[in-house]
Amino acid sequence: MTIPLTLDSSGQVFRAFRVNEVPTILIADADGRVVRRIEGAAAQDGAALRKVLDGL
Amino acid sequence: MNALNPVKTLYCLALFLLALGGAAVRAEVSGEQRAQAAGRAILGAPAPRAVIKTIDGDSIDLGGLYGKKAVYLKFWATWCVPCRQQMPHFEHAYEAAGPEMAVIAIDVGFNDSIEAIRAYRKQLGLTMPIVFDDGSLGAAFRLRCTELSTR
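Protein chains in written order, with the numbering used here: chain W, 1 to 56; chain P, 57 to 207.
Extracted from the complex, chain P is given alone in its bound form (with noise of 0.2 Å):
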């Protein structure tokens, strides 16, 4: 990179994350501000509503649920660490969730893959259903993430 010519880095458009200790531990700070002002803003307004289809190719339509069922969405990753400790309680409340709840888990759809999510699952056992997201659903429920849940 170092290399390159700098005219022709003019043409360049990078979207890079750093992974500077100082950047990440003020990103944290900053972070924590930027959902607090997201939650505020979708709280109490209308859920979004949408048809996902899940890994397997079924259907679901999120409006068709809401007022009928409550509905619980756990957007996630295979990389996120604190997902991954919780994803043993989200499979039991899964399991455990009578008809009046619909469980659904929404990978983020960042740096991850559907090859990754299936062999988690195995690994796991989980039974849930699982969609991943292409960033819509994420930007309709006003969500960021960034990968500095593995460091």
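Only chain W is shown next, with the shape it has when bound in the complex (with noise of 0.2 Å):
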């Protein structure tokens, strides 16, 4: 695997992004600003994720 991989070890990332289920996939646009969030079975859907980032 390369990509990178960061271990929130006090869970100040998971509280800062109000995360609650595993997995989630925070997808930010290029002013920042966080675009969609997609959770659960749902992260699992390629097809879709691709379709969100194609629309960026």
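Derived from the structure by calculation, the hints contain no laboratory data. Not one of these hints is a red herring.
Computed, partial: chain P to chain W, Cβ under 7 Å:
1) G165
2) F166
3) N167
4) G191
5) A195
6) R200
Glycine included, each C-beta is placed from N, C-alpha and C at the ideal position.
Put the two chains together into one complex, using the hints given.
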């Protein structure tokens, strides 16, 4: 695997993004705005994710 | 995911809990250390005050209970195997608790749902007050949870 991996040992990042499900995918646009939140089983839908990213 | 354009991937912040065997074993060790550190930080400190709402819509003022009753909070989830194993005992603890103790089940609100809780409650015949935490109570008590327990 080549993706950067981090451990949120304090929980700070989880709280900041109000993550209460794994997996959760958050997508920020070029302006740094969170434009999409995909949680749970929906996060496995690669085609849907592709569509969101293509729309940015 | 493999087909994602690397430039667009830069915009993508993904928070995944990885199910890698080796990582899980290491996480268990450091998880215990984290739990001990969190426990040390909160033991002896005043308990967090909060007004919490049960899944049936009743409000419970924790701050109003402290000093009047012992308060037994159990943080759990329907997917948590040890919690499920302990649940009959917890229900018994609730039923046996006299007026001197408040027993409250706090679902951690992580990878869980109120619908799942209602189904589980019905299945086991649970009668204690159950709260679905939005994460704020867990944070106040410095709890961290993951769904490793299902593995």
